[in-house]
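Visitor: Chains as they are written, first to last, in the working numbering: chain A, 1 to 227; chain B, 1 to 227.
Keep in mind that a hint or two might mislead.
Remember, identical chains collapse to one label, so a pair may be satisfied in a single copy or spanning two.
[Claimed, not checked] List of simulated lysine-lysine pairs, DSS-like, C-alpha gap at most 27 Å:
1. LYS185 with LYS76
2. LYS192 with LYS76
3. LYS76 with LYS108
4. LYS186 with LYS206
5. LYS206 with LYS64
6. LYS186 with LYS76
7. LYS17 with LYS225
8. LYS206 with LYS192
9. LYS185 with LYS206
10. LYS65 with LYS108
11. LYS108 with LYS82
12. LYS108 with LYS20
13. LYS206 with LYS65
14. LYS108 with LYS225
15. LYS64 with LYS225
16. LYS82 with LYS225
17. LYS108 with LYS21
None of these hints come from the bench; they were simulated from the model.
There are 2 protein chains.
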Amino acid sequence: MFVRKEAAMSKIELRSKILKKNKSIAEDIRSELNSNGLWCMNLIGSPGSGKTTLLEKTIPLLSKKGRCGVIEGDVKTDYDMKRIAALNIPTVQIETSGSCHLSSEMIKNVLPDFSLEELDFLVIENVGNLICPVAYDLGEDQRLVVVSITEGDEKPLKYPAAFVSADVLVVTKADLEPYVDASVKKIVDNAKSINRNIAVFVTSAKTGEGIDSLTNYISEVFSAKVE
Amino acid sequence: MFVRKEAAMSKIELRSKILKKNKSIAEDIRSELNSNGLWCMNLIGSPGSGKTTLLEKTIPLLSKKGRCGVIEGDVKTDYDMKRIAALNIPTVQIETSGSCHLSSEMIKNVLPDFSLEELDFLVIENVGNLICPVAYDLGEDQRLVVVSITEGDEKPLKYPAAFVSADVLVVTKADLEPYVDASVKKIVDNAKSINRNIAVFVTSAKTGEGIDSLTNYISEVFSAKVE
Chain A
1 MFVRKEAAMS
11 KIELRSKILK
21 KNKSIAEDIR
31 SELNSNGLWC
41 MNLIGSPGSG
51 KTTLLEKTIP
61 LLSKKGRCGV
71 IEGDVKTDYD
81 MKRIAALNIP
91 TVQIETSGSC
101 HLSSEMIKNV
111 LPDFSLEELD
121 FLVIENVGNL
131 ICPVAYDLGE
141 DQRLVVVSIT
151 EGDEKPLKYP
161 AAFVSADVLV
171 VTKADLEPYV
181 DASVKKIVDN
191 AKSINRNIAV
201 FVTSAKTGEG
211 IDSLTNYISE
221 VFSAKVE
Chain B
1 MFVRKEAAMS
11 KIELRSKILK
21 KNKSIAEDIR
31 SELNSNGLWC
41 MNLIGSPGSG
51 KTTLLEKTIP
61 LLSKKGRCGV
71 IEGDVKTDYD
81 MKRIAALNIP
91 TVQIETSGSC
101 HLSSEMIKNV
111 LPDFSLEELD
121 FLVIENVGNL
131 ICPVAYDLGE
141 DQRLVVVSIT
151 EGDEKPLKYP
161 AAFVSADVLV
171 VTKADLEPYV
181 DASVKKIVDN
191 AKSINRNIAV
201 FVTSAKTGEG
211 IDSLTNYISE
221 VFSAKVE
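Isolated chain A (complex conformation):
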């Protein structure tokens, strides 16, 4: 019993130490980006929630408002990087080789791969995971939680930390609502019940629904910040 307690203590202590160090590096990143006039977003969502597809649709529009760079986080493969790089956007892949989240140190290590002074928006697509990335500040100015209608409408209540910590909720695949037993309204109501200030965008990459509004919102928040 003693050994179990000891292990539990050191796990908590180590996690606290890791998160503290992560936060400190994240603050440095935020300062560096902001001093370069850069606005940073961190996208968190389950595997297959549609984060990359959302970026494929949003970034061409956002590029009309400012210059974008993208960091892609994946456990394995550089598929997502290739999809975004095809938009002629500076893109860097972080392959975590098993790790379940990006850390601020990983971001810090790849920042030299960008010409920061030539960018306005830096978009980070986190590893597909609705739990672990939540605790790791990456130096972002805004956090977006991405959830597809096909995941069901109770997700905000079952994975509350992601929705509480996010500034923006993006519901994806809204075009599939007629075919699934889940309601966009319920996702939004559930998210608002635990984070009433969350901004909400209901989108469909297929029909284009909500993509314009989301892009305008990002651009407006960015303008308000840099002014």
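Position chain B against the provided structure of chain A, taking the given hints into account.
Guide: Same frame as chain A, but now just chain B:
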């Protein structure tokens, strides 16, 4: 630099210690369950991949072959437990309060809530996460990885560990294939490319496709084991 190295070392050491302890408890659980004639399954999949719905459809059929008990793992809420308990099946909820996976110790702690001698199948639905639960043996005899067609067909390659460690792949929501840019065949091909021995079941809770086959398979594997 020295401090960073030290932290990294102790993180790896601690993880190795935790996994070793987890494995040891898991072996004890497997022995205890098997000595009671029990067969145990561990379902791993993303949030919203359809694990609970799959159980709602499978367990009534499986109950004709043997007596079932279910352990539901969730970060928050007991919604899934209530859905399964409505089938009149002994069900226990483990609420992890933030933790991203179930551990064998959590399973050990709830086993006394069941009358093991009255059960044939114990089904564990893990926390919705395609990464972290993979490293944690829960004492199961078979591991099922659950992936919905709506998550896209490249998931086995992007999250390989889950698919490499699983005995069975269950593709869910196959009825939605016509509405998404993903192919069931590609999911299966990708999974087989990294784990050629994985058993595959393509299912739809809506149309009932594959539910019979999956149930028969579980029952046959169980019979082969206890004979």
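Visitor: Look at each hint and say if it fits the structure.
Guide: Hints, one by one, checked against the model:
no., hint, in the structure
1, LYS185 with LYS76, "between (34 Å within a copy, 21 Å between copies)"
2, LYS192 with LYS76, "between (33 Å within a copy, 17 Å between copies)"
3, LYS76 with LYS108, "within (20 Å within a copy, 32 Å between copies)"
4, LYS186 with LYS206, "both (21 Å within a copy, 21 Å between copies)"
5, LYS206 with LYS64, "within (21 Å within a copy, 43 Å between copies)"
6, LYS186 with LYS76, "between (33 Å within a copy, 17 Å between copies)"
7, LYS17 with LYS225, "neither (31 Å within a copy, 46 Å between copies)"
8, LYS206 with LYS192, "within (26 Å within a copy, 29 Å between copies)"
9, LYS185 with LYS206, "both (19 Å within a copy, 22 Å between copies)"
10, LYS65 with LYS108, "within (25 Å within a copy, 55 Å between copies)"
11, LYS108 with LYS82, "within (21 Å within a copy, 44 Å between copies)"
12, LYS108 with LYS20, "within (15 Å within a copy, 33 Å between copies)"
13, LYS206 with LYS65, "within (23 Å within a copy, 44 Å between copies)"
14, LYS108 with LYS225, "within (22 Å within a copy, 51 Å between copies)"
15, LYS64 with LYS225, "within (18 Å within a copy, 62 Å between copies)"
16, LYS82 with LYS225, "neither (31 Å within a copy, 46 Å between copies)"
17, LYS108 with LYS21, "within (13 Å within a copy, 34 Å between copies)"
Going down the numbered hints, you'll see the structure goes against 7, 16, while the others check out.
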